[in-house]
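Enquirer: Here the protein sequences come in this chain order: A and B. Its first residue numbered 900, the first sequence is counted upward by one per residue in the numbering used here. Its first residue numbered 900, the second sequence is counted upward by one per residue in the numbering used here.
In short, the hints are calculated from the structure, not lab data. It is possible that some hints are incorrect.
[Stated by the list, open to error] With a straight-line Cα cutoff of 35 Å, these simulated DSBU-like cross-link-like pairs (lysine-lysine) come out: (1) LYS1201(A) to LYS1201(B); (2) LYS1022(B) to LYS1131(A); (3) LYS1095(A) to LYS901(B); (4) LYS1098(A) to LYS1023(B); (5) LYS1023(A) to LYS950(A).
Protein chains: 2
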Amino acid sequence: MKSIASAPGKVILVGEHFVVAGKPAIAMAVNLRARATVETVEGDRITIRSKELKIEESFSPESINTRSPLYPVYIAADLARRHISLEEGLDITITSELPPAAGMGSSAAVSVATAAAVIALRKKINRGIVSKIAFEAEKIVHGKPSGIDNTISTYGGAILYVKGKGFTRINLNLKDVALILADTGVPRSTGEMVAKVRKLKARYGSVLDPVYESAEILACEVAKALEMGDIKTIGELMNINHGLLSAIGVSTLELEQLVYMARNAGALGAKLTGAGGGGLIVALCHKKSLPNVEDALKKFSKRVYIANISKRGVIIEHKTFL
Amino acid sequence: MKSIASAPGKVILVGEHFVVAGKPAIAMAVNLRARATVETVEGDRITIRSKELKIEESFSPESINTRSPLYPVYIAADLARRHISLEEGLDITITSELPPAAGMGSSAAVSVATAAAVIALRKKINRGIVSKIAFEAEKIVHGKPSGIDNTISTYGGAILYVKGKGFTRINLNLKDVALILADTGVPRSTGEMVAKVRKLKARYGSVLDPVYESAEILACEVAKALEMGDIKTIGELMNINHGLLSAIGVSTLELEQLVYMARNAGALGAKLTGAGGGGLIVALCHKKSLPNVEDALKKFSKRVYIANISKRGVIIEHKTFL
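For reference, chain A alone in the conformation it holds in the complex (with noise of 0.2 Å):
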């Protein structure tokens, strides 16, 4: 027996780090996918191999390596394989459009379309329980992820999220836009820059609290608009939202370079997105408008990513009965 299964990654649209302190974020699925094929082989072996890292691993209950980056798939695997009772070995070939750890969710959207692949070969797979799968996964990379990526590459569209109270659909109403990404080339590191602001919030809560209560009003209108298709005010808001992060201290040269070259290029919007302190920003553009963006980007960046963003979550594109 033979499945594919595809799912997407995602961008933060509006509100990464206010997230943190209970504000409101918004995550939405683009069409850059990681894809999971699987096989079922005799034994009890599941074997992963990744293209983009050039790298296999066997694992056997006797031998697992936890160690290995590709454990939390295995994970994702070895559970997708327990929910539907099948006792073979798996052999599993993952490839992605995604670039890795730049904040676009690509080892959720690889746990995603494996535990889905996996579950297709003999169920019609439940979404709940695909997105549960890759969570436990998400929790050998991430330690605390907050099941954004996981939720939104298996449902796809577009999610506000707010800690401890989790997710609401966004119902997108978008014509004729896509989001351009294009990565500083600096490698960010996500902890250091969410203890960076907790500090600088820490000793200047008074001026900081009005900017997070500001980032909390922008994340819903941001959701409004995205119901509305209301491209312009999304765009806005986005800009505004750059500003706040750059506020609480995450921005870079790098990222007000791309930022503004994309602005001046004809973004409705453009932000920096995830982290901060190096890795992504993230632009929204007509779809007349993309070529120059692209251009202009290109220019500054080595990897610039046309992302449409994408209804659809995970999807089985193959299945064979052999």
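Add chain B to chain A, keeping to what the hints say.
Expert: Frame of chain A, contents of chain B only:
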């Protein structure tokens, strides 16, 4: 009779734009000065020459060119002449270390120096009167001036200004720091930027109101830190203030580049100053890191000014009775 007076320029340390909505701004005198050399001459003409503008113009009761860029200086000189009941003519030479039209209060410094030099021909200068006369000249230059520029140029030091509520003096207690300013080379239009911010605020009031609140608390915290000599706090609050200005849409690629170059080279804090959309950045530097920051900025800006904070306002530098 001859006298020479000089008066300092200013920089807005924090609070620009937010001041329009009634929030406090802090202005600080910097030791880049305008200088007026005044001599009495026969007749009733007032002849003014500006070394920097390379123009000279004569004003007499019968012939007043109200369109001359020197007309505001004439108004300051003439009001000061009336104040001391002088009936002779005047020959006035203006020099200035301040970049014109850069938001550094160059026109006010020229008017303050001129009024003081004229009054000094016969009387001990009264700062209240000097400032008032310069304010009349400023009305010609700016239409509806806030009064910040003539006040800070007359008295020196730093002030906290709230629209409609006037000025509060800040007792500066700073050691071993200087300001460094760098020009983007992009001309700014204060009117345009104020209109842009007004429009954004009208559209996104609920999101931006807390940003204005943050700016208000921030300015008060900066005032305290200036009195306590807490330069680390001043720098960090300048950085936060820059983010708030980014949020209201008045930053640009060129401003961000200079801001981050200054910060990366060791400035305690750096932000755009004044209207934005172009114009200058200001950085607070410990004196030991000044050369480093200056070098970094000079790679990108043709006009970099080291500006010591000036506790002294207008001064009479020279006076002779021939």
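Enquirer: It remains to establish, for every hint, whether it holds in the given structure.
Expert: We went through each hint and held it up to the structure:
1. LYS1201(A) to LYS1201(B): holds (30 Å)
2. LYS1022(B) to LYS1131(A): Distance ~61 Å between LYS1022(B) and LYS1131(A) Cα, so the pair is violated.
3. LYS1095(A) to LYS901(B): violated (59 Å)
4. LYS1098(A) to LYS1023(B): Given that 35 Å is the threshold and the Cα spacing comes to 53 Å, the pair is violated.
5. LYS1023(A) to LYS950(A): Holds, at roughly 27 Å.
When held up to the earlier numbered hints, the structure conflicts with 2, 3 and 4 and fits the remainder.
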